[in-house]
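Trainee: Each chain, letter by letter, is given below.
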Amino acid sequence: GAVVSQHPSWVICKSGTSVKIECRSLDFQATTMFWYRQFPKQSLMLMATSNEGSKATYEQGVEKDKFLINHASLTLSTLTVTSAHPEDSSFYICSASLGGLTDTQYFGPGTRLTVL
Amino acid sequence: EDQVTQSPEALRLQEGESSSLNCSYTVSGLRGLFWYRQDPGKGPEFLFTLYSAGEEKEKERLKATLTKKESFLHITAPKPEDSATYLCAVNPETSGSRLTFGEGTQLTVNP
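Here the protein sequences line up with chains G and C, keeping their order. Counting from 1, one number per residue, gives the positions in the first sequence under my numbering. Counting from 1, one number per residue, gives the positions in the second sequence under my numbering.
Fair warning: there could be bad hints in the mix.
[Claimed, not checked] Calculated lysine to aspartate or glutamate pairs in the EDC-like style (CA-CA distance at most 20 Å, straight line):
| id | chain 1 | residue 1 | chain 2 | residue 2 |
| --- | --- | --- | --- | --- |
| 1 | G | K41 | G | E22 |
| 2 | G | K41 | C | E103 |
| 3 | G | K64 | G | D27 |
| 4 | G | K41 | C | E9 |
| 5 | C | K42 | C | E81 |
| 6 | G | K20 | G | E87 |
| 7 | G | K14 | G | E87 |
| 8 | G | K66 | G | D88 |
| 9 | C | K57 | C | D82 |
| 10 | C | K59 | C | E93 |
| 11 | C | K68 | C | E93 |
| 12 | C | K68 | C | E17 |
| 13 | C | K42 | G | E52 |
| 14 | G | K41 | C | D39 |
| 15 | C | K79 | C | E1 |
| 16 | C | K79 | C | E45 |
| 17 | C | K63 | C | E93 |
| 18 | G | K41 | C | E1 |
| 19 | C | K57 | G | D103 |
| 20 | C | K69 | C | E93 |
| 21 | C | K69 | C | E1 |
| 22 | G | K20 | G | E52 |
| 23 | G | K41 | C | E93 |
| 24 | C | K42 | G | E22 |
No wet-lab data here; the hints were simulated from the structure.
Here chain G stands alone, though its shape is the one from the complex:
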């Protein structure tokens, strides 16, 4: 149980284009989903928290117009990197939880984004 998928697993795009990453909870309904970014040899950095049907809450320093998050259903959240640039290249990971304050977050396998 508690399986989270991400698609695509990797993507290469040209600078200036937009890229959409999907995160799905496959066997449970996720009231809350999280998006993280991870650089090589570093730990996870939380970008935003989203609740189904509500606007995402972004962490300080994360540009909400650049990283668009949509949590349209209890099983799907999307992250769109708009007008991507090489500095946006990173490993993006989503997680999902049932939404209780002490609930465990279950992570997806991650998406490797490379912007040329």
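Guided by the hints, dock chain C onto chain G, whose structure is given.
Mentor: What follows is chain C alone, placed relative to chain G:
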């Protein structure tokens, strides 16, 4: 400010050589402490959640314990497949459902 510090940064063990990883935390109030395992190029895999001091949980060769200031992940008779980065995260009372992660301990188990 909430802080999580993991030590050591890296640990090399021989197969069968038991050891412990440390996670020290400073939070205004702890809702839960989580241990994850992360393999290269993959998302973290959930291992344990601990909620109160004195609590212990076990899974195969792993055992997690919690005190008011730190948590330990004990690895008994490790195997090469236990090689991974182990991440500790806390959920402070002041942070809603958000987690604060440590930098991780990279464990290598040699055959």
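Trainee: For each hint, tell me whether it holds in the structure or not.
Mentor: Now the hints, each set against the structure:
1. K41/G <-> E22/G: violated (24 Å)
2. K41/G <-> E103/C: holds (9 Å)
3. K64/G <-> D27/G: violated (29 Å)
4. K41/G <-> E9/C: holds (11 Å)
5. K42/C <-> E81/C: Roughly 15 Å between the alpha carbons, so the hint for K42/C and E81/C holds.
6. K20/G <-> E87/G: holds (17 Å)
7. K14/G <-> E87/G: Holds, because 12 Å separates the two Cα atoms, which is no more than 20 Å.
8. K66/G <-> D88/G: holds (10 Å)
9. K57/C <-> D82/C: holds (17 Å)
10. K59/C <-> E93/C: Not OK: K59/C and E93/C at ~27 Å, beyond 20 Å, violated.
11. K68/C <-> E93/C: holds (14 Å)
12. K68/C <-> E17/C: violated (28 Å)
13. K42/C <-> E52/G: violated (25 Å)
14. K41/G <-> D39/C: Between K41/G and D39/C the Cα gap is close to 12 Å, so the pair holds against 20 Å.
15. K79/C <-> E1/C: Outside the cut-off at roughly 37 Å; violated.
16. K79/C <-> E45/C: holds (18 Å)
17. K63/C <-> E93/C: violated (25 Å)
18. K41/G <-> E1/C: violated (23 Å)
19. K57/C <-> D103/G: With a Cα-Cα distance of about 16 Å, the restraint between K57/C and D103/G holds, given a limit of 20 Å.
20. K69/C <-> E93/C: holds (15 Å)
21. K69/C <-> E1/C: holds (15 Å)
22. K20/G <-> E52/G: Roughly 18 Å between the alpha carbons, so the hint for K20/G and E52/G holds.
23. K41/G <-> E93/C: violated (28 Å)
24. K42/C <-> E22/G: Holds, at roughly 16 Å.
Checked against the numbered hints given earlier, the structure breaks hints 1, 3, 10, 12, 13, 15, 17, 18 and 23 and satisfies all the rest.
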